[in-house]
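Once you have looked at the hints, place chain L on chain H.
Chain by chain, the residues:
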Amino acid sequence: MPIEVNLIKLRSSNWRSVQQSVIKGDNIPKIIEIHEVVKLQKNAILIIPGVGNISALVDELRDKISIVQLRSYIELQNIKVIGICLGYQFLCSRSDEDKFAECLNLFDCVVESIFTPSKPSVGWGKLNVINSKKNANPLSNLLIDKTFYFTHSFGVKVSGFKLKAQDAFSYSPKGSEDLVAAIFNGNIIGFQFHLEKSGQHGISLLSSTINYLAGE
Amino acid sequence: MRLIARIDVRNGYHIKTINCEGVEKIRPVEESTDIFSQGDNEHDEILLIDTVASLYGFDNWLIRQSNKHVYCPIPLSIGGGVSSVDIAISTLDRGADKIVINTAAVRSPQLLEKIANVCGRQAVILQIDTKKINDYYKCFTHGARELSNFSLTDWLSQAQDRGVGEVHVTSIDSEGIDEPFPNDLAELCRSNTQLPLIISGGIRTSEEMRNYHHQFEIDAFSFSSITNRFNIAVKEIRQQLLKFGEDVRCP
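So the sequences go chain by chain: H and L.
If you read the first sequence in my numbering, its first letter stands for residue 1, the second for the next number, and so on.
If you read the second sequence in my numbering, its first letter stands for residue 1, the second for the next number, and so on.
These are calculated hints, taken from the structure and not from any lab test.
Worth double-checking, as some hints may not be accurate.
Here are a few chain L residues that sit away from chain H, every Cβ distance over 10 Å (derived from the structure) [to be verified]: (1) E24; (2) P28; (3) E113; (4) N134; (5) N192.
Distance condition first, Cα-Cα at most 25 Å in a straight line; then the derived DSS-like pairs of lysine-lysine [as the list claims (entries may be wrong)]: (6) L/K16 - L/K138; (7) H/K157 - H/K99; (8) H/K24 - L/K68; (9) H/K174 - H/K162; (10) H/K99 - L/K114; (11) L/K235 - L/K16; (12) L/K235 - H/K174; (13) L/K114 - H/K9; (14) L/K235 - H/K146; (15) H/K146 - H/K174; (16) L/K68 - H/K9; (17) L/K16 - H/K24; (18) H/K30 - L/K68; (19) H/K64 - H/K9; (20) H/K99 - H/K64; (21) H/K9 - H/K30; (22) L/K235 - H/K126; (23) H/K146 - H/K157; (24) H/K174 - L/K132; (25) L/K243 - H/K146; (26) H/K126 - L/K243; (27) H/K157 - H/K174; (28) H/K162 - H/K126.
Idealized CB from N, CA, C, for every residue including glycine.
One chain only, chain H, in its complex shape (with noise of 0.2 Å):
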């Protein structure tokens, strides 16, 4: 049965192609303003799109909605919440590109810049485990040794990365020392790679992880 997904529509992301990836893994996106997010049910999904730069993001939510509100409220209705890219990132502790701009921590890493100077680093990249018990999270068959698209200037490298209590994923950018790509911490949920961009095997990706949630 579909799931209704609530899509956050913010300025700094593509949430329309994520819009469309989600009904093509046969769900219903259900596209939300910045500030409706404190009006969500209990349990519910949301996706926190984003593709730019982090200040841009943080400035566009809070003009709606205090972060700490928006995390507070995320934790006490446990929002299950998907971020890709921007998204992701912002769900982290901080971020280098904008050492000012409050994410919402609920990742406890930070975003630090691949090169210097800075450069994107661009491509598809395949993914390997990092913390989890090979084939232990449940989606991992749609995740180990698969590839996705990439496309950042920062990212979460994994001989920073502390966290050990949630399944964890990296990729291997040419040139850099490896990158966390994918983070499983109970309901909260964050990809580096853009999933509506990784042709057919992210958008089954996406409606997986979707279902799982729903079924958390």
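Leaving out everything else, chain L in the frame of chain H:
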């Protein structure tokens, strides 16, 4: 390696080009974007350039699709007539993941940084159409029709500081004919920028791609003739590259 479908567009049609000049219609653009984003011809990305938008001062193909959003399940880059931050934003809003800029950036290089600041540098591809004039590679604008004052090496070496995320270089002289992308051009490109580099115009075989990769560390290729003239599915190119031991995606 990234295998990128190049779609040159004029008046809503994917066109065949020779030396960057349109010579015949292939099919409507929407049919090409469908073909190249699924099945045996699923590429890793699609790069679509409206070849006359800057020349005639038109909006690019995507913006001319009224307010419709075009969804492509793989990354879609759009070029042609991107002359302001507002046009860049409109192009991204309608479904592009990256914008491709040439003419307006040559006219006003600061535009690249302005767009990168708003849209992120990962969304900015600098398009360079080049050919040799008196032994030096020079940059051309307006769909490869107008010679600019920029030399290839000067323009390339500025790109990273100006907020560009990737560079797409087309060899005008080898585009659309049975000539390879020149080795000296590949070498110049690699030695003048550390940015991700896509080369186009004379990408003909998997073996040549392997050579550009190993000799010049170039791992992204945009092409049209392989699929549209020689009727070779991109799946076949992937299989050949895999046999060579290259790192390619298998959808």
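(request) List in ascending order the numbers of the hints, as given earlier, that are violated by the structure. (result) 17 and 24
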